[in-house]
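J.: If you're matching them up, the sequences are chains Y and X in order. Position 72 of the first sequence, counting from 1, maps to 98 under the working numbering, and the rest follow consecutively. Position 97 of the second sequence, counting from 1, maps to 98 under the working numbering, and the rest follow consecutively.
In short, the hints are calculated from the structure, not lab data. The C-beta atom is built at its ideal place from N, Cα and C for all residues, glycine as well. Take the hints with a grain of salt, since some may be wrong.
[Claimed, not checked] One side of the interface only, derived from the structure: several residues of chain Y facing chain X at Cβ under 8 Å:
1) Y86
2) P178
3) E179
4) G296
5) E297
6) Y298
7) K341
8) T410
9) L416
10) L421
11) G428
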Amino acid sequence: MTNLNEKKAELINLQRNNSSPTKKDLLIEIQNELNKLSLPHSKTEEWRNTNVNSILNHKYILGKKESVPLKYVNTFSFNEINADRLVLINGHFSDEYSHFNKTSGIQMGSIKKNQKSNSFKKYYGSTNLYKSNFFAAYNSAYAEDGIFIHIPENVIVEHPIHIVNFIYGNNQKTISQAHNLIIAEKNSHAKILTTYHSLSEDFTFNNVATEIICSENSDIEFYVFEGEGDTASIVNNTYVNQLNGSKFLSNTSTLCGSLVRNEIHIDLLGEYCESDLQGIYFPDKEQHIDNYVSIKHSKPNCKSNQLYKGIIDNKAETVFTGKVFVAPDAQKTDAAQSNRNILLTDNSKAHSRPQLEIYADDVRCSHGSTTGQIDKEALFYMKTRGIPELKAKTLLMTAFIGDIIEHITVKPYRDYVNYLVNKKLKGQEPESLCHVKICPACEK
Amino acid sequence: MLKIIDLKAEINGKEILKGINLEVKPGEVHAIMGPNGSGKSTLASVLAGRDIFNVTGGKVIFKGKNLLEMEPEERSREGIFLAFQYPVEIPGVSITNFMRAALDEHRIHKGLKPMDAAEFLRYIKEKKALVELDAKLEGRAVNEGFSGGEKKKNEVFQMAMLEPDLAILDETDSGLDIDALKIVANGVNKLKTKENASIVITHYQRLLDYIVPDVVHVLYNGKIVKTGGKELASELENTGYDEIKNDADNQ
Chain Y
27 MTNLNEKKAE
37 LINLQRNNSS
47 PTKKDLLIEI
57 QNELNKLSLP
67 HSKTEEWRNT
77 NVNSILNHKY
87 ILGKKESVPL
97 KYVNTFSFNE
107 INADRLVLIN
117 GHFSDEYSHF
127 NKTSGIQMGS
137 IKKNQKSNSF
147 KKYYGSTNLY
157 KSNFFAAYNS
167 AYAEDGIFIH
177 IPENVIVEHP
187 IHIVNFIYGN
197 NQKTISQAHN
207 LIIAEKNSHA
217 KILTTYHSLS
227 EDFTFNNVAT
237 EIICSENSDI
247 EFYVFEGEGD
257 TASIVNNTYV
267 NQLNGSKFLS
277 NTSTLCGSLV
287 RNEIHIDLLG
297 EYCESDLQGI
307 YFPDKEQHID
317 NYVSIKHSKP
327 NCKSNQLYKG
337 IIDNKAETVF
347 TGKVFVAPDA
357 QKTDAAQSNR
367 NILLTDNSKA
377 HSRPQLEIYA
387 DDVRCSHGST
397 TGQIDKEALF
407 YMKTRGIPEL
417 KAKTLLMTAF
427 IGDIIEHITV
437 KPYRDYVNYL
447 VNKKLKGQEP
457 ESLCHVKICP
467 ACEK
Chain X
2 MLKIIDLKAE
12 INGKEILKGI
22 NLEVKPGEVH
32 AIMGPNGSGK
42 STLASVLAGR
52 DIFNVTGGKV
62 IFKGKNLLEM
72 EPEERSREGI
82 FLAFQYPVEI
92 PGVSITNFMR
102 AALDEHRIHK
112 GLKPMDAAEF
122 LRYIKEKKAL
132 VELDAKLEGR
142 AVNEGFSGGE
152 KKKNEVFQMA
162 MLEPDLAILD
172 ETDSGLDIDA
182 LKIVANGVNK
192 LKTKENASIV
202 ITHYQRLLDY
212 IVPDVVHVLY
222 NGKIVKTGGK
232 ELASELENTG
242 YDEIKNDADN
252 Q
């Protein structure tokens with residue numbers, strides 16, 4: 027068994043020469059927090075069903091600022107939507123491959139280049155992200171770069187902003203960290219798409235953290251696509267502060283990866299906010315996908331919704347934890363939660379853990395969780411109409427997760443997810459997913 | 002068209018069908034009546050290929066082929082259609098997509114090309130009119146949130162779309178009011194030709210006022226105990242099943 031303290035020291039040692047852009051007093055606070063936090067182990071409640079040994083068992087090198095062959099970068103661009111594209115390779119911003127409209131009034135680019143701006147100083151490290159777990163604290167203490175996006179007041183961004191994340195190991199065990207900051211000022215609206223890809227045969231670990239500030243009446247759509255390879259693990263922490271009247275939608279599609287842990291924390295700091303957190307996961311082989319969602323209703327009159335659905339194949343295992351915390355003052359809270367899983371084999375596993383902590387009395391909170399197999403009655407019904415088993419199953423499963431994919435408002439991206447999901451449902455290995463070879467988005 | 006010879010079937014070791022013999026010829030309408038638990042729905046299920054039933058003996062020949070060797074989807078493509086007593090809800094799959102998938106399979110089986118979109122829309126419209134299916138239903142998910150009447154109409158609509166040689170209507174009248182019953186029966190009658198046949202399974206005579214059978218069979222305790230013309234149905238309406246049960250039990 028890995029000695030956790032040794033491993034922790036090793037991870038920290040690996041990054042000790044990094045210079046974090048965090049201001050000094052805050053950085054000290056973060057480092058103190060990191061000192062207190064232990065790496066997750068089998069007794070850590072929030073990680074009970076996710077064993078991080080498969081991440082920790084390797085000796086990594088720090089991901090360098092590599093140059094990825096252009097054809098791979100282009101694979102994951104959606105030319106039709108003319109998106110602003112911000113590319114991170116091993117957590118480093120790539121000037122070469124990023125292109126965006128500099129005249130739109132939106133400030134974007136690398137954390138490194140924007141750390142002198144006022145909004146950076148005001149907001150970087152301002153959420154409780156670093157208190158969430160070891161990996162978030164580790165990232166907050168040592169990440170050097172990432173994406174910075176600032177959407178000014180009243181600005182409505184027409185095109186989606188696409189953040190492309192590559193981990194490029196060059197066949198060495200590689201660790202990569204990026205710390206992103208997205209600020210939506212009052213009444214602004216933007217769609218942000220973040221996609222994760224690995225280009226490595228050897229083990230990689232991507233430790234990502236994103237802070238999102240949703241100011242009054244802002245509206246953010248945040249899409250996450252994870253299609254990393256069988257040797258790539260990711261811990262993806264997102265922390266969102268929502269102020270009065272803001273709307274936040276997150277929609278996550280995880281189609282592969284070795285070990286994937288997505289944590290989304292929502293701090294509802296204002297009234298009349300809406301948070302809608304959705305996700306699909308569709309692992310096979312021995313993949314492990316863990317979605318941890320936590321919504322803190324601190325103020326009255328907010329609405330939150332969690333809807334996660336999974337199809338689990340082979341020996342894959344998934345975890346969904348949905349936390350809803352309603353503070354004593356958060357009257358008229360309306361919180362809904364639903365997690366549904368289909369197990370395709372006897373060896374697949376799904377853990378579903380709804381956790382509701384409610385201290386206000388005038389609230390509406392609902393939750394539901396189902397895990398089962400494909401509806402045999404529906405399957406028989408479809409077969410009696412001439413539809414063969416495989417096609418019937420595909421139709422049923424497409425329908426099962428289809429409502430979540432339908433929520434994606436960026437059409438080329440929605441088509442892309444549908445294309446890959448359908449390929450997977452038909453039992454074809456979506457090569458392009460884990461080992462980039464073709465451009466599914468361009469095929470359309 | 003269909004020949005059932007000494008068919009026996011069980012579920013969980015319990016024998017339900019104890020030797021059924023039945024022959025259906027093109028153009029015929031057969032009614033199978035009988036008290037609850039006599040095996041009517043089991044017979045329908047076995048013919049459609051539901052695998053929870055275990056066939057322990059006998060043969061079923063459909064258009065010269067061994068039906069029992071075929072998968073449910075093959076039976077459908079060969080021309081068997083089962084209208085379910087309790088049509089299944091399929092959330093998220095629209096009737097249009099569902100029928101598109103089914104019809105494509107049927108056409109490929111017949112060596113025809115799948116219809117193009119325009120052709121398909123024309124076809125679906127024509128069939129909808131035939132069975133008086135509400136226009137707004139087609140965009141909705143199959144049977145999801147449908148009333149009992151809508152579900153049964155949807156079954157007849159699917160039957161119209163797939164044009165089976167042999168339709169098996171399993172208690173299609175159950176849960177229907179008289180107006181819905183008339184529409185459903187009307188649809189079935191319109192679909193009748195000299196070449197196709199149907200088996201109408203029902204507990205009550207009521208449906209047979211609208212779908213007039215050529216032959217009526219009474220199923221009791223896993224066997225056909227009486228066969229007659231359409232007048233047998235009205236007889237049963239007056240006497241009930243008790244007399245038949247007594248006769249059969251005393252044999």
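J.: Output the indices of the hints that this structure fails to meet, ascending.
T.: 1, 2, 3, 4, 5, 6, 7, 9
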